[in-house]
Amino acid sequence: MEEQVKTTGINEQEEYVINMGPQHPSTHGVLRLVVSLKGEIVKNVEPHVGYIHRGIEKMCESITYPQIIHLTDRMDYLSAHINNEAVCLNVEKALEIEIPDRVKVIRTIMAELTRIQSHQLFWATFGMDLGGLTCFFYGLRDRERILDIWEETCGSRMIVSYSCPGGLMYDIHPNFQKRVKDFIKYFRKTLPEYDQLLTGNVIFRERTMGIGKLSLEDAVSFGVTGPVGRAAGFSCDVRKYEPYSAYDRVKFNEVLFTEGDTYHRYLVRMEEMRESMNIIDQLIDNIPEGQYAVKMKPVIKLPEGEYYQRVETARGELGVYIVSDGNKNPFRIKFRSPNFVNLAALNMMSKGFKIADLVAISGSLDLIIPDIDR
Amino acid sequence: MRSIYNYLKEVLMGVWSLLKGMKVTGSYFFSPSKIVTQKYPNNRNKLVMFDRFKGEVIMPHNEKNEHKCTGCGICEINCPNGSIEIISKTIATEDGKKKRAIDKHIYRLSMCTFCALCVKSCPSNALAFSQEFEHAVFNRALLIKVLNKPGSQLMKGVE
Amino acid sequence: MRLVIAAQNISTFSEPWWKVFYDFSLLTKNIDTGLHNAMSPFWTTVTEMLIIGVLILLFYALVGLFLVYAERKVCAFMQNRLGPNRVGPFGIFQTIADLIKLLLVELIPIKKADKFLFNLAPFIVIIASFMAIAAIPFANGLHAIDLNIGVLYVIAVSAMGVIGVLLAGWSSNNKYSLIGAMRSGAQIVSYELSVGLALITVVILAGTMQFSEIVEAQRTGWFIFKGHIPAFIAFIIFLISSTAETNRGPFDLAEAESELTAGYHTEYSGIKFAFFFLAEYMNMFIVASIAATVFLGGWMPFHVGHWDGFNSVMDYIPPFIWYIGKTFFVIFLMMWFKWTFPRLRIDQLLTLEWKYLLPINLVNVLVMAFVVLMGWHF
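Chains as they are written, first to last, in our numbering: chain Z, 1 to 374; chain Y, 1 to 159; chain S, 1 to 378.
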């Protein structure tokens, strides 16, 4: 403990220091926050990461490109498909392969389903963080329907491993379109319930409005992306600025707010679910015929060079940076994960608020700990 | 007067928003038909998994106890976790030639991440996924499986 | 020997036996005279106290177990789940199984805890709720002790539980527990005011603090209808502040699972934890029965004006059923709150009390006094 005091610069005599985590109900995993309190007021938050570090980037250096896909599932497990897509897009870009339209459209639909189910889980856990335990079950109940769609098409429920360099692992299941349409119909009816239960609730609004403000300048300088950045007015949607897959052929709005508090971070996600449903509506009936994968060489070797591809996951911008020396496995791979960057802003946002607000703020960042540590 | 009006309005709007939330939970309380819980061990017989479900890797055998695995080892190379190990042997074919064949196709379920690369890359479609999902065993050694059945042979016509 | 004589006396019962369900004083008086004939007044009192103690203990345990089961079922149905369904039909023996588990669980000693206070705290909490239950009229004549200041007594005794919570949080030497305990202290001290004032509104209307008389005064109509708007407002305020006082629902800041893991009872295990758990549910039962007694007519049946046929049908339902029904209705409301709303923050909790409930309550008391003065109530 003494060493701890020295390294973190916390004075135990003057501050009430509590360890939130690694095992704590509201850190959603093994994140450890060393919180200095004065009464109930948060003075300082120090995130300690690395409790679930598995060395994914190093592991990737010893396996081939198709094998990397299944490891990326395990970073941000709620955006598994989008992570897969990021690596696939990067490899395809390096090899200069033209991908069939069918693959692009299916990937986009899958990515939007990923976004919806991730935000559903966010809604569920955010409600639970604020003490409304019923939200958790409603969120998971609706998410189950997306997982069933995936199970039918991809064979797995969460860690899909559906994309592979050059296309998709399998073609979509014959039932896919019908089930997605059923889901959209169902969820359009259920989403207003979410609003009635939380968004409009006076206790919820009091708990979140004006809490954990992040200004546009801070958002840009911390480099936060995704719903956290967009709530602060930082227009950072990769889907809009660098369209990949089929995003250049659909119409959708980038949800932007300027307040930057917890409530608007929540609101961005609620609106994004609606936008995602619109995107799926535009694509689901127009899946082009064709190949579901390009025939690739048995051993994929990237030409020497550096490649970067960024995609928009449910929590922000995921960058995949590959350095290749011409071998079948990458010389170095680096993931710019959105959660790690967003976590950096936590201390600034939660200073001066109550400990209950800290839970709300860290909940509104929607942190996935395996993505922070990788 | 204005402030009292605003105060009362605030109180009433707050109560109204709370009542709207109570309507949602209350309506679910009084409609038990919407319950989604599955009574899992009881409905085991009726449970149907999707045909693409990745339960575990198996090697389908036909009724003559023949499989399609030639023992080429591509699945072993493709597996990212080293959960597949192939032990091959040389056998003499009918016309006297020596040929490589599979002795044991060892599959470690405990190391498998269900990425489907082995099934996908197999040139003779010898591997498949089963829909079995109840993998719990009391002994870790039981998770190391030999996929080819004892005494099984290569199917005719598969090279 | 004397008890046998007493039992013989009791068995000679003048009225038909089912009349007991409508007037328990027949039975209690019979037992009392029987015991008096058999032994000295001192021993009569001792025996009666023992009987009542055992009965209340049994009632307490049964209601506690049932409430835990009911809460789990209610929340499960609200969340589209089935709830406990494995132990017994519909899982009704689940709580008994849980209780047996809790009895068998190891009591983990805390190294740096204040041993004496740490062990004392659960008893204070549970004794407070025991004492409060004594003053509640369950049915006509079924009343352990009819104090002439019953309302005051219940408020005073139920507030004692906070001492146990504070001690538990402080003595377990855990930072989370301490925050939880301090929150609980601030919360209960504030909300006591609202509970008291809401009850005073009714005391003004009834003109007495004795529970039996309050119930008797509602023979012609429940207070929530009799005192129209002020009584209704007082009922709502009582519902909110009693939910807060029992550390439940959206006001469970002392436990605040997502912030403080389990608040003041983080370090407790086994039967000591079960005491806190049981006391929470019993406190809920107590405040619900006070609400039922004071606002909803206690064991009085529901009567409507001059509908004599309807009223006589209502009279056939025994008073005890009426009491239990009303109490569980209030408990259901409190469970509904808990499983719908997010939790408040500590400063909002105090704001709600001091800026909203207390001023409304004070005005409400004045309005009620005015209504009673002018004789505008029914």
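Don't take each hint at face value.
Claimed, not checked - Just so you have them, the derived chain S footprint on chain Y, three or more residues with Cβ under 8 Å: (1) 17-26; (2) 29-37.
As the list claims (entries may be wrong) - Pair by pair, the computed Cβ-Cβ distance ranges are: (3) Y:N139 with Z:D195: 46 to 54 Å; (4) S:L333 with Y:N139: 49 to 57 Å; (5) Y:N45 with Z:D101: 54 to 62 Å; (6) Z:Q177 with Y:Q131: 18 to 26 Å; (7) Y:M49 with Z:K251: 35 to 43 Å; (8) Z:Q177 with S:I229: 56 to 64 Å; (9) S:R86 with Y:V137: 19 to 27 Å; (10) S:K115 with Y:M111: 46 to 54 Å; (11) Y:N139 with Z:E61: 48 to 56 Å; (12) Y:N65 with Z:K301: 50 to 58 Å.
No lab work stands behind these hints, which were simulated from the structure alone. Where is the CB? At the ideal position from N, CA and C, for every residue including glycine.
Here is how each hint holds up against the structure:
As drawn, the region 17-26 of chain Y meets chain S at 6 residues by the rule of a beta-carbon pair under 8 Å; at three or more, the given contact holds. Taking a C-beta to C-beta cut-off of 8 Å, the region 29-37 of chain Y contributes 6 residues in contact with chain S, enough for the three needed, and the coverage statement holds. Hint check: N139 of chain Y to D195 of chain Z, Cβ distance near 51 Å, so the stated range 46 to 54 Å holds. Range check, L333 of chain S to N139 of chain Y: about 53 Å between beta-carbon atoms, so the 49 to 57 Å window is met.
Against the hinted window of 54 to 62 Å, the Cβ-Cβ separation of N45 of chain Y and D101 of chain Z comes to about 44 Å, which falls outside the hint. At roughly 23 Å, the beta carbons of Q177 of chain Z and Q131 of chain Y sit within the given window of 18 to 26 Å. Hint check: M49 of chain Y to K251 of chain Z, Cβ distance near 38 Å, so the stated range 35 to 43 Å holds. For Q177 of chain Z and I229 of chain S, the hinted distance range of 56 to 64 Å is satisfied, since their beta carbons lie about 58 Å from each other.
Range check, R86 of chain S to V137 of chain Y: Cβ separation about 23 Å, and the 19 to 27 Å hint holds. The supplied range of 46 to 54 Å is met by K115 of chain S and M111 of chain Y, whose beta-carbon atoms lie about 49 Å from each other. Taken as a hint, the range 48 to 56 Å is violated for the pair N139 of chain Y and E61 of chain Z, whose Cβ atoms sit roughly 35 Å apart. A hinted range of 50 to 58 Å for the beta carbons of N65 of chain Y and K301 of chain Z is inconsistent with their spacing of about 40 Å.
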